[in-house]
Structures are given as C-alpha cells and as structure tokens.
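2 protein chains.
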Amino acid sequence: MHNDSRFLKACRREPVDATPVWLMRQAGRYMAAYRALREKYTILELIHSPELACEVTMQPIQAFDLDAAIIFADILPPLAAMGLELDFVRGEGPVLYNPVRSPADVERLQVHPPEEKLSFTLDAIRLVRQELAGRGTPLIGFSGAPFTLAAYAIEGGGSRHYAKAKQFMMAEPDAWHALMTKLSQMVGQYLLAQAHAGAQALQVFDSWVGHLSPADYRNYVMPYTRQAIEMARQADVPVIHFGTDTNGMLELLRDAGGDVIGVDWRIELDTAWQRLGDGVAIQGNLDPVALFAPWPEVEKRAQHVLDQANGRPGHIFNLGHGILPETPVDTVKRLVDFVHEYSIRQGVR
Amino acid sequence: MHNDSRFLKACRREPVDATPVWLMRQAGRYMAAYRALREKYTILELIHSPELACEVTMQPIQAFDLDAAIIFADILPPLAAMGLELDFVRGEGPVLYNPVRSPADVERLQVHPPEEKLSFTLDAIRLVRQELAGRGTPLIGFSGAPFTLAAYAIEGGGSRHYAKAKQFMMAEPDAWHALMTKLSQMVGQYLLAQAHAGAQALQVFDSWVGHLSPADYRNYVMPYTRQAIEMARQADVPVIHFGTDTNGMLELLRDAGGDVIGVDWRIELDTAWQRLGDGVAIQGNLDPVALFAPWPEVEKRAQHVLDQANGRPGHIFNLGHGILPETPVDTVKRLVDFVHEYSIRQGVR
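Residue numbers (my numbering), protein chains in the order written: chain A, 33 to 381; chain B, 33 to 381.
None of these hints come from the bench; they were simulated from the model. Each hint should be verified, as a subset may be incorrect.
Identical copies look the same in the list; a pair holds intra-copy or inter-copy alike.
Keeping only pairs whose Cα atoms sit at most 25 Å apart, straight-line, the calculated SDA-like set for lysine to any residue is [claimed, not checked]: (1) K149 x A203; (2) K41 x R140; (3) K332 x H193; (4) K214 x M90; (5) K332 x P205.
Next up, chain A with everything else stripped away, as it sits in the complex (with noise of 0.2 Å):
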C-alpha cells in the first residue's frame, strides 16, 4: 500500500524523513521527452491512450527524485464525458466546441459512469501503479474542481473575465445549481473511480475559484466542491485540494474539504498555514517561474519556502501552479533534491 511513503505521511501531518515533493504539471513540455512525444501524439491521443499516458506519467518519475507521480490526464475529460466536445488547439488551449450558454444546455449534460466514458484513465492509473510497484512511489489522480469545470464549460476555453460564467450563475440562478450538482456527481464519481483504480491519493484543481469573491464562492461553490471531495474521500485516500488567488477566502477553501490545502505563492506559507489551522497540511508554495532564475536563487527562494513550513509535519513542497513549459530540466533536478537535502539538515519532524 506504500503507506509508509513521504508523501502520503505528509498528506496525514504524520513524521517524515525529509519534506516530501512533487510539481504540479511535472510531466509536461519542459522535458524533452515529452516533447518527443508531443510530435507524434495530440495531448488527446496521449490522454486517450492507458499506455501512452502511463509513459508520460512515468518520464519524470525517471528523471527526478519526486515523491508522487501523478496520472497523465487533464482537469477538462469530465466535461467531455459528460457531452462537451473537448479538443486541445495549439496555441490556444482547451476549446469546448458546444459551450453551456442556457438551462437547455444544462439539461442536455449527462452524469455517466467514469468506467465507461473515461475508462483510458482509471486503464492508464492501473498500468502506472505496476510500474511504481518497485520504486514504492505513490500515485496521485485529479480531477477539474466543480467551479473551474463549470467555467470551461460556459466560457468555451479559457478566459481572463471569466464574465460568461459569472454572468450565468448571477441570471440563471437555477440551471447553475443544476449544472454545479452535475459536475459534482461526475467529479466525485470520477475521483472516486480513480481511487478504485489505484489512485492513492486525489487531488482536486480549483484553478480558477480565486476569480470569485468570497460571498460568491460561499453561495455558489462550496456545497458542490464539499459533495464532491466528500464523495471522493469515501475511497479513504487522502484529498488535496487545490486553487490559486485564494487568499480572500482561504478558510472557506479549508471548510469545503481535503486533507491537504494547495497555496500558490501569493501568500507566506507560515502565514497560509495559521489561518488554516493545524486540521490541514498544506502544499506549495514556490513561484513557477522562480525556476527561470539563476540556480543559488532559485535555491534561497526554496529554502524561504522550507523556513516558512519550519519543519511542521504535513508540508508537501510543490509550485503554486504548474510548472511553465520552457522551465530548464537542470534546475528541476536540482530543486527536488535540495528540497530533500535542506530538509534533512533543517530537521523536518
């Protein structure tokens, strides 16, 4: 069960031996490996294909001494399964070619069961789990929160007002209660499923949540994300749940759910862990382009992050978002073991 893992001691505040690290987005462009890959393959055919994503999830597994693997896939499939047409666009990111824009649209969404519609996952989840088997490595899978699905789904894409969205929550107050209880069922059924699959912990991406404010995110979030992560948590593996500008409301984040509280690097770790208390670990929290910095400051600025956690049970060391696609390879290696290393010296508990 791996159960003794850095990583997941870390994810229960348990005792480790040194601060346990992974990186959001660590299989990705960055490596050249992946990019190799990325010639022959669409993101979708990668995600499609059990063994395909499995290499991909395993390429910095090879590479680093990272702590988690976690499963190849994108926040966005639930959407495609449940009737959104997904597709990766060079340049532009995820499109949904069929948007939700009206209670009609909604209606049309359909809960299936992730076994059938996104089984290339829990297939890919299964394969990856052999390969760990030797090394001991635990498993992450993830899912989009229920706001950040909610949101690609209206906007069609990414956005920068996410005004379409909002404005669908404020004027169709209804068919958005309809749609945030769709997306949390599929969620927490897709999580859970990854779980069953192997997945040995989960993490859920808010990626966008931080555009709310805080009254909104009460009103019109924080049941679905609650129902979804308590749907989840029924596997018994822990929930890392994670979101970005949160720093308005980061106690409600802490209220809605999960073990584990991702932060980006818009707050101290010291100060983002008092206000969440000591119920939760906490994840994060370096800036990702920190890594574009020369190596002995991208090496002060981990260490701030480490002096901030002071050795606390319950620290996961990681970005506070994904890791940019042109960071250089060297200076990922290098943080993941200084992360290990200054840890050790430090005296994590």
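Following the hints, complete the assembly by docking chain B onto the known chain A.
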C-alpha cells in the same frame, strides 16, 4: 478647494452624508459618447490632446451622479516619457516596441520632468478643473506604480505569467533596482505635478503587483512604491493605493503608503478593513462582472459591499478593477444612485 466633497472627506475618514462612489475606467468604451470619439481618434490622440482628454473625462460626470472625476489618461505614459515607444494596438492593448531587456536598456531610460514630457495630461487637468468648478466634483490624477510600469516595460505589453519581468528581477537585481529607482522618481514627480496642476487626489495603480510573492514585494518593490507615494504626498492631497490579487500581502501594501487602500472583490471588504486597521480608508470592491447581472442581483451585491463597510467613515465605493467595455450603461446609472440612496438609508457616518 472642494475640501468638503464626500469623496475627499472619505479619503480623510471623515463623516459623510452618503458613501461616495466613482468607478475605475469610468470614462470608457461602455459609454456611447466615448465610442463615438474613439471612431475618430486613437487612444493616444485622446490622451495627447488636453481638450479631448477633458471632454472624455467629463463624459461620465455628465451622465452619472459620480462623486469624483478621474483624468482621462493611461497608466503607461510615464514609460513613454522615459524613452519607451508606447502604442495601443486594437485587440492587443498596450505595446512597448523597445522593451527593457538588459542593464544597458535601463541606463538609457531617462527621468524627464513631467512638465516637459507629460504636459498634455497636466494641461488636461487644468481644463477639467475649470469644467468642474461649478459642480464641486473633485478630480483624481493617477499613474501606474513602479512595479506595474516595470512589468510592462520588460514584457513589452500585457502578460500572463510576467515571466520576463520576474526573470529580470531575479537575474539582474542591480539593473532591477536601478530601473525601479528611476520609475519611482518618474512616478513620484508625475503624481506631484498632477497635484500641482490641480488634481485633488492621486491614485497609484499597481495593477499587476498581485503576481508577486509577499517576499518579492517586500524586497524588490515596496521601497520604490513608498518613495513614489512619499513624493506625491508632498502636495498634501490624499493618495489611493490600488492593486489586485493582493490578499496575501495586504498589510505590506498598506505599509508602502496611501491614505486609501483599493481592494478587489476577492476579499470581503470587512475582512480587508480589519486587516488594514483603522489608519486607512478603503476603496472598493464590487466585482466588475457583477454589473452584467439583472438589476435586482446588482443591487443585492452593491448592498453587500455597503453592508460590509457598515457605514464606517472612510469607505469609497468602487469596483474591484476597471469597468468592462460591454457593461450596460443603465446599470451603471442605477448603481451610482443606489450607493447614495442605500448608504443614506443605512445611516453612513
């Protein structure tokens, strides 16, 4: 001197008869009169002509019962004054054709007296003050803050991650500090000159500062914002210090200076004020997207902001960022009137 206006009283945290309200970018594309002028003139032509800038400044004042005017200009002309080639490209926003990418580029930038290089805005301020003389509406001058100007100068325009700006900061700290020194002088002198020309309050827009970690803000930005604000305050007019995504470092922003701190909608106004303390007034914080809602929902949200302020002296109602181009004009009119009516009913102090 219009020192008895609601807006200036609120800046000084004195009791008012009703909560003052103005809107960032209140002279803008959501108004037909502005769009009509933009069909004939570019943004730079409007800014560079004191007569046209005066006309645009007055458009929202004539249409709505606003408690302050803000001079029509942009946050970036100080960069043009220093030697960067500024343009506004349709659909792309501001562009700087010769961005700062090396220490030599920083050396080439020159701090010119605003009376020489930015006289068009100073002249526009003089014209607007004449126009406003009969009304008693105070006029706000403004500038981009040193960091936001540096970010634009280095990126050459808007950016998603501000990777180039942060990379320059980390890799070329001496050049960064030299750049920020020049920017703080330029901004400080420009703000002071606007006050001398007749601006009765000054706003510093640090629009992108929320992309920084608190530690980076403290080390690389805060001293320069403080210098610029201190120079501006020689004129003895209130300074509004505005940023977005700043909820992880709100106290640092306050400590950098400003009689009024502008907060976005990502935090409850009451929570923000508790963190900032009684020593400052507060401006904000309705989500600009809220104005796209049906009116009863807009009213509910405006009321929520006013209830959070709870009639305490020192609240200036505003959006949490600039008004969006597609905002319905009728909603703006109703919002401005509602803020006055409700705060009178509420018994603002």
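Evaluation of the provided hints:
1. K149 x A203: neither (31 Å within a copy, 47 Å between copies)
2. K41 x R140: neither (42 Å within a copy, 54 Å between copies)
3. K332 x H193: Answer is between: at 21 Å across copies they meet the 25 Å cutoff, but 34 Å inside does not.
4. K214 x M90: neither (32 Å within a copy, 48 Å between copies)
5. K332 x P205: between (47 Å within a copy, 14 Å between copies)
Of the numbered hints given earlier, the model fails hints 1, 2, 4; all others are met.
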